[in-house]
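Engineer: Each protein sequence line maps, in turn, to chains P and Z. Just so we're aligned: the first sequence equals residues 1 to 343 in the working numbering. Just so we're aligned: the second sequence equals residues 1001 to 1343 in the working numbering.
In case anyone wonders, no lab produced these hints; they're calculated from the structure. Any given hint could be a false lead.
[Stated by the list, open to error] Here are the computed lysine to aspartate or glutamate pairs in the DMTMM-like style, where the Cα-Cα straight-line distance is at most 20 angstroms:
no. : chain 1 : residue 1 : chain 2 : residue 2
1   : P       : K212      : P       : D199
2   : P       : K212      : P       : D64
3   : Z       : K1154     : Z       : E1224
4   : Z       : K1212     : Z       : D1199
5   : Z       : K1154     : Z       : E1221
6   : P       : K274      : P       : E153
7   : P       : K336      : Z       : E1018
8   : P       : K336      : P       : E305
9   : P       : K29       : P       : E112
10  : P       : K212      : P       : E184
11  : P       : K250      : Z       : E1153
12  : Z       : K1250     : Z       : E1153
13  : Z       : K1249     : P       : E18
14  : Z       : K1250     : P       : E18
15  : P       : K336      : Z       : D1320
16  : Z       : K1212     : Z       : E1112
17  : P       : K249      : P       : D199
18  : P       : K321      : P       : E259
19  : Z       : K1274     : Z       : D1202
20  : Z       : K1336     : P       : D10
21  : Z       : K1029     : P       : D199
22  : P       : K29       : Z       : E1153
23  : Z       : K1250     : Z       : E1112
24  : P       : K274      : P       : E184
25  : P       : K187      : P       : D199
26  : P       : K225      : P       : D122
27  : P       : K249      : Z       : E1018
28  : Z       : K1250     : Z       : D1317
29  : Z       : K1249     : Z       : D1320
30  : Z       : K1336     : P       : E305
[Stated by the list, open to error] Not close to chain P: a few residues of chain Z, all C-beta gaps over 10 angstroms, as computed:
no. : residue
31  : Q1027
32  : E1204
33  : K1250
For glycine and all other residues, C-beta sits at the position ideal for the given N, C-alpha and C.
2 protein chains.
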Amino acid sequence: MSIERTEIADLGEFGLIERLASKFSLQHKSSRLGIGDDAAIVSPPASHELLVSTDMLMEGVHFDLSYVPLRHLGYKAMAVNISDIAAMNAHVSQVVVSLAMSNRFSVEAIEELYEGMKLACDTYGIDLVGGDTSNSRQGLVISVTAIGFATPEKIVRRSGAQPGDLLCVSGDLGAAYLGLQILEREKQVFMQTPDVQPDLTDFEYVVGRQLKPEPRIDMVERFEKLGIMPSAMIDISDGLASEVLHICKKSNCGAVVFEDHLPIHKDTYDTAEKLNMSVITAVLNGGEDYELLFTIPQKDYQKIELDPFIQIIGHIDKPDKGASVRMRSGQFIDMKAQGWNHF
Amino acid sequence: MSIERTEIADLGEFGLIERLASKFSLQHKSSRLGIGDDAAIVSPPASHELLVSTDMLMEGVHFDLSYVPLRHLGYKAMAVNISDIAAMNAHVSQVVVSLAMSNRFSVEAIEELYEGMKLACDTYGIDLVGGDTSNSRQGLVISVTAIGFATPEKIVRRSGAQPGDLLCVSGDLGAAYLGLQILEREKQVFMQTPDVQPDLTDFEYVVGRQLKPEPRIDMVERFEKLGIMPSAMIDISDGLASEVLHICKKSNCGAVVFEDHLPIHKDTYDTAEKLNMSVITAVLNGGEDYELLFTIPQKDYQKIELDPFIQIIGHIDKPDKGASVRMRSGQFIDMKAQGWNHF
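Full structure from sequences and hints, please.
Structural biologist: Shown next as structure tokens:
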């Protein structure tokens, strides 16, 4: 972070907005009017449906600024919304961002946050077209609403899974949660003995998965290339169990996941062991992996069988079967949804 | 508020969302998929542009729950966004709402808030199609993103005003700010002498303007009926001065407002007098009136001359003239933007 410190009060609301807005330009031809009016104007492409998703990140609940760099936070605020639209099998084209912050943040700190957002916008070809900034008496709050367009026949909901469909994920699971545990542990160590520098060498992968999640928008092209359409899809933000249950509920079906088919990175195993935690719990209930969970009709098995980016973890069953994990031991355990229950 | 108290923790995230979502149904034929997937799906009407606006309300900054009923707050959170889209000369058709709250709120309290939102949705024909709920370690946060559709030729920006255009407002100004002062005064009295019940009889109008602003969406139809198109428009959320300056900046022009043409309600005058405050300051810098400020080409003067809902307050001038108010005394005072500067 820069050592310069400009107070937000020195710029005022409109000065701050102008300074932040000057870094963003419009790329999409569908973006007709960006920041600076009562509303943004976007031209929907002909015969496309509009997809809208929104997420709010709260300091102290979703992030801890003692170990999350502001630039990463800005990137992640975008990533989680891009991931939601990817889960509909579509791309984000525009976002609006609302931000509330207190005077403990300098203008330079807020610029760091927007740098991260801009990096995500540039990486994923997105225009920031509007937003709102305000004061917060408490922590930092970031609210992002993402919009995308897709032709109706391309859109994938949570509700189309059928018994017999293959249950698949786009990448490995459990790392983001264990990365968070490592960051929390290092924070505790630092608070007790501030001269000890954290050594994260062994944990780069899991910490990276926590701090810089990449939405799997590449899968939208992959499905196209493979000539397949998922029958249902959701992104994995709350943990695998919760997402499998969402698909089961919306598609009125059951599901079986096989423990020995779960894609888990070697570093995730090693970290779980070092922390003396259950890696399967991290996968099922950890969350924040932002991989895609989707179902594929069995007839398309050969199209995905050898694909290195798709892992078949189980299959869809009849509704009365419920949702369970078949463990290596042969035992079945029921899946339970977590969501947040911080209250 | 109901005397029943259900803890949010008893329902959990998904239970709470389900309970809130069950009160809302989809009315618009453009709303294809509402709450319950990774994103909402909306079908843009052919040849229409999409308008997007977002606003975030923070407890302790934008509202004080010691005198703002939750139902009114929910209504207002919608109203401010509807007002933004009205300022583009369009209707809101869908909204997404993010909410963060702590466990000091019961499920019944959150339902009160959503009752207010639902009332606004029903009144203005809007579908709530998605959102996000999360925990807050601090105050209540409400973020609303509104979307609307309009044909390109109907959309009014801030940037089209020309020298000679008439500067107009849709209703009276200054009341909402003075209503807030009354509520703040009563709060102080109550804190010092809790047995004294507040008597707001004389202040119903100004307090109502503060607590239950009505977006001037009726003006969209009015312009149509009168056969006029504003050359520029903005809603009055930060005070008249700030909004006139926005139009001047975006349209590259100056403006003159006449003090004796400012529409001020009798109760607003009376309240200002009782509080020993300047009514002109309330109008220029008070904000939250949510009236529309717009410019009309001089050729259309006769079409609006006798309209009881349109008040001509001044005119657009050349850019080098700046923006000023001509006082009754004949003196000119420069307009200054306020925005928020709570830092």
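Engineer: If a hint holds in the structure, say so; if it doesn't, say that too.
Structural biologist: Status of the hints after comparison with the structure:
no.	hint	verdict
1	K212/P to D199/P	holds, 18 angstroms
2	K212/P to D64/P	holds, 14 angstroms
3	K1154/Z to E1224/Z	holds, 9 angstroms
4	K1212/Z to D1199/Z	holds, 18 angstroms
5	K1154/Z to E1221/Z	holds, 11 angstroms
6	K274/P to E153/P	violated, 47 angstroms
7	K336/P to E1018/Z	holds, 17 angstroms
8	K336/P to E305/P	violated, 29 angstroms
9	K29/P to E112/P	violated, 27 angstroms
10	K212/P to E184/P	holds, 16 angstroms
11	K250/P to E1153/Z	violated, 41 angstroms
12	K1250/Z to E1153/Z	holds, 19 angstroms
13	K1249/Z to E18/P	holds, 12 angstroms
14	K1250/Z to E18/P	holds, 13 angstroms
15	K336/P to D1320/Z	violated, 67 angstroms
16	K1212/Z to E1112/Z	holds, 15 angstroms
17	K249/P to D199/P	violated, 43 angstroms
18	K321/P to E259/P	holds, 17 angstroms
19	K1274/Z to D1202/Z	holds, 10 angstroms
20	K1336/Z to D10/P	holds, 16 angstroms
21	K1029/Z to D199/P	violated, 56 angstroms
22	K29/P to E1153/Z	holds, 18 angstroms
23	K1250/Z to E1112/Z	violated, 40 angstroms
24	K274/P to E184/P	holds, 14 angstroms
25	K187/P to D199/P	holds, 12 angstroms
26	K225/P to D122/P	violated, 24 angstroms
27	K249/P to E1018/Z	holds, 12 angstroms
28	K1250/Z to D1317/Z	holds, 14 angstroms
29	K1249/Z to D1320/Z	holds, 11 angstroms
30	K1336/Z to E305/P	violated, 66 angstroms
31	Q1027	holds, 17 angstroms
32	E1204	holds, 29 angstroms
33	K1250	violated, 7 angstroms
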